[in-house]
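Novice: Sequence:
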Amino acid sequence: MPIEKLAHFIRTEQLQVGLYIHLDLPWDEHPFTFGSFKIKSGEQIEMIKQLGVQQIRYSPTKSDQQPIAIKEDVAKTPAAKPDPDLIIILEAKQSKLQQFERNKALRSECAKAFAATAQAVRNIDKQLNSRPKETLAGAERLVGQMLDTLLVDNDIIIHLMNDKAKGEELYFHSLNVAVLSLILARDMQLAKQDIRTLGLAALFHDIGKVEIPSRITMKSGLLSAAEEKVYQQHSLWSVNAAKTAGLPPAVLRLIAQHHEMCDGKGYPKGLKRDEIDPLARILALVNCYDNYCNRLNPAESLTPHEALSHMYTQQRASFDPLPLNLLIRGMGVYPPGSLVLLSNNCYALVIAVNTTKPLKPLIQVYNPDAQDQGAVLIDLEYEAQLNISKSIKLAQLPKAAAVYLSPCKHVSYYFNASEQ
21 MPIEKLAHFI RTEQLQVGLY IHLDLPWDEH PFTFGSFKIK SGEQIEMIKQ
71 LGVQQIRYSP TKSDQQPIAI KEDVAKTPAA KPDPDLIIIL EAKQSKLQQF
121 ERNKALRSEC AKAFAATAQA VRNIDKQLNS RPKETLAGAE RLVGQMLDTL
171 LVDNDIIIHL MNDKAKGEEL YFHSLNVAVL SLILARDMQL AKQDIRTLGL
221 AALFHDIGKV EIPSRITMKS GLLSAAEEKV YQQHSLWSVN AAKTAGLPPA
271 VLRLIAQHHE MCDGKGYPKG LKRDEIDPLA RILALVNCYD NYCNRLNPAE
321 SLTPHEALSH MYTQQRASFD PLPLNLLIRG MGVYPPGSLV LLSNNCYALV
371 IAVNTTKPLK PLIQVYNPDA QDQGAVLIDL EYEAQLNISK SIKLAQLPKA
421 AAVYLSPCKH VSYYFNASEQ
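Residue numbers (my numbering): 21 to 440.
Calculated from the structure, these hints are not laboratory results.
Take these hints with a grain of salt, some might be off.
Claimed, not checked - The calculated DSSO-like cross-link candidates involving lysine-lysine, where the alpha carbons are at most 30 Å apart (straight line), are:
{"no.": "1", "residue 1": "K410", "residue 2": "K60"}
{"no.": "2", "residue 1": "K60", "residue 2": "K116"}
{"no.": "3", "residue 1": "K289", "residue 2": "K60"}
{"no.": "4", "residue 1": "K58", "residue 2": "K153"}
{"no.": "5", "residue 1": "K58", "residue 2": "K380"}
{"no.": "6", "residue 1": "K82", "residue 2": "K419"}
{"no.": "7", "residue 1": "K285", "residue 2": "K249"}
{"no.": "8", "residue 1": "K82", "residue 2": "K113"}
{"no.": "9", "residue 1": "K146", "residue 2": "K132"}
{"no.": "10", "residue 1": "K113", "residue 2": "K69"}
{"no.": "11", "residue 1": "K69", "residue 2": "K58"}
{"no.": "12", "residue 1": "K285", "residue 2": "K263"}
{"no.": "13", "residue 1": "K289", "residue 2": "K263"}
{"no.": "14", "residue 1": "K410", "residue 2": "K377"}
{"no.": "15", "residue 1": "K82", "residue 2": "K377"}
{"no.": "16", "residue 1": "K113", "residue 2": "K289"}
{"no.": "17", "residue 1": "K380", "residue 2": "K132"}
{"no.": "18", "residue 1": "K263", "residue 2": "K239"}
{"no.": "19", "residue 1": "K82", "residue 2": "K58"}
{"no.": "20", "residue 1": "K410", "residue 2": "K113"}
{"no.": "21", "residue 1": "K377", "residue 2": "K116"}
{"no.": "22", "residue 1": "K377", "residue 2": "K60"}
{"no.": "23", "residue 1": "K263", "residue 2": "K292"}
Modelling step: build the complete structure from the supplied sequences, incorporating the hints.
Specialist: Structure (structure tokens):
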């Protein structure tokens with residue numbers, strides 16, 4: 021049925037606080053974040069009147085009030101001349117639109133770099149036994165390329181990447197751990213050589229998992245004591261494989277300790293904080309975070325928000341407090357991949373975060389009243405009146421919102437430098 025036969029229209033002089041309206045105008049021709057919203061103030065009404073529209077579409081079922089009644093023969097009020105403040109707001113929206121296009125370009129560049137890096141990680145894993153020297157050279161080159169992007173003066177933006185292909189969990193886990201470890205080491209202002217050592221260890225830390233029987237790696241649920249003992253051998257097997265590739269002792273030490281915990285409850289040796297290499301503490305922290313977010317059964321995975329919250333509130337003694345606090349600060353309370361409820365009751369997916377401004381991420385918003393306008397991406401850094409209310413789980417999303425936002429079953433990250 022045509023929208024004209026379903027819609028309810030009123031004149032601007034009938035507007036009042038509590039009406040839910042739809043501005044059928046391009047995004048950059050009105051001063052509001054969304055084109056559909058509930059009027060909250062007289063200032064909003066005055067701004068709408070200055071837009072020069074003759075009639076406004078509104079939703080009776082979503083409104084708290086009825087339109088102001090007027091006589092049909094009353095002459096229409098001429099549109100007010102836009103005041104300077106409105107012109108400034110509209111010009112600011114043009115700047116936001118330009119920033120949105122720049123964000124799209126940055127995300128496109130990041131996606132291409134991620135795809136190339138992911139392919140390089142696949143090659144490293146597949147060629148380790150047959151071409152160890154070339155594999156090591158490729159790994160060193162890959163870490164060097166990532167460091168070239170990281171060790172700049174610009175802020176770093178962490179992006180949520182597209183879902184990975186089934187059966188490639190090991191590759192993407194290694195890449196995720198490498199990416200986050202390098203970013204965290206950068207934030208800790210570690211020496212470049214230490215960051216390089218950490219990056220190499222992250223790429224190879226789970227290389228020994230290929231020796232674990234698939235009945236264990238693919239098992240859903242808790243492992244038996246015997247299975248757990250076999251599983252824990254992967255730290256040693258990874259060291260052996262990395263030694264074959266010719267990795268230096270400093271890297272081998274980190275690989276051997278990537279499951280050691282500061283409270284002594286890790287493995288294989290049950291080392292405590294001062295016995296664990298400081299770089300291995302970073303590796304263990306990031307490895308744990310990614311394992312929580314990307315379990316074998318996606319239904320059992322924690323959201324990024326839940327993972328960081330659990331690690332901080334329930335496992336704080338297991339981790340070195342400095343990198344733990346910096347990870348939370350850099351990723352934000354709502355890391356990329358988090359599903360959130362906004363202050364205007366819209367649902368959104370966090371798709372990127374600037375590590376120096378983590379509370380103002382880039383989000384993709386589900387707005388049922390504007391689905392024909394394409395993806396709604398909003399940078400909260402530029403939205404003073406909009407913020408995140410809380411994190412939610414996928415099961416809490418309405419079906420239509422879940423389909424639209426399509427959160428990845430597995431969380432993968434990559435990064436690039438922001439504009440200075």
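Novice: Confirm or reject each hint.
Specialist: Consistency of the hints with the structure:
1. A C-alpha spacing of about 22 Å is found between K410 and K60, which places the hinted pair at or below 30 Å, so the restraint holds.
2. Distance restraint check for K60 and K116: the Cα-Cα separation of roughly 23 Å lies within the 30 Å cut-off, and the hinted pair is therefore satisfied.
3. Our distance criterion of 30 Å between C-alpha atoms is broken by K289 and K60, whose separation comes to about 61 Å.
4. For the hint pairing K58 with K153, the CA-to-CA distance comes to about 64 Å; that exceeds 30 Å, so the pair is violated.
5. Using a Cα cut-off of 30 Å, the hinted pair K58 and K380 holds, with the two alpha carbons roughly 23 Å apart.
6. For a cut-off of 30 Å, the pair hint linking K82 to K419 stands: about 20 Å separates their Cα positions.
7. The suggested pairing of K285 with K249 holds, with an alpha-carbon distance near 14 Å, which does not exceed 30 Å.
8. A hinted pair counts as satisfied when its Cα atoms are at most 30 Å apart, and K82 with K113 qualifies at roughly 27 Å.
9. Our distance criterion of 30 Å between C-alpha atoms is met by K146 and K132, whose separation comes to about 22 Å.
10. Between K113 and K69 the alpha-carbon distance is near 18 Å, which keeps this suggested pair within the 30 Å criterion.
11. For the hint pairing K69 with K58, the CA-to-CA distance comes to about 15 Å; that is within 30 Å, so the pair holds.
12. With a CA separation close to 26 Å, the supplied pair K285 and K263 stays within the 30 Å bound.
13. Annotation: proposed proximity of K289 to K263 holds, straight-line Cα distance about 19 Å (limit 30 Å).
14. Of the pairs offered as hints, the one joining K410 and K377 holds, with about 17 Å between alpha carbons and a cut-off of 30 Å not exceeded.
15. Taking the CA atoms of K82 and K377, the gap is about 34 Å. The hint is violated against a cut of 30 Å.
16. For the hint pairing K113 with K289, the CA-to-CA distance comes to about 58 Å; that exceeds 30 Å, so the pair is violated.
17. At most 30 Å may separate the alpha-carbon atoms for a hinted pair to count; K380 and K132 meet this at roughly 25 Å.
18. Restraint check: the Cα-Cα separation between K263 and K239 comes to about 29 Å, which is no more than 30 Å; the hinted pair holds.
19. Taking the CA atoms of K82 and K58, the gap is near 8 Å; set against the 30 Å cutoff, the hint holds.
20. Distance check on the hinted pair: K410 and K113 sit about 26 Å apart at the alpha-carbon level, within 30 Å; holds.
21. The suggested pairing of K377 with K116 holds, with an alpha-carbon distance near 17 Å, which does not exceed 30 Å.
22. Between K377 and K60, the direct Cα distance comes to roughly 28 Å. Compliance with the 30 Å bound is thereby established for this hinted pair.
23. Taking the CA atoms of K263 and K292, the gap is near 25 Å; set against the 30 Å cutoff, the hint holds.
Taken one by one, the earlier hints fail for this structure at numbers 3, 4, 15 and 16, listed in ascending order.
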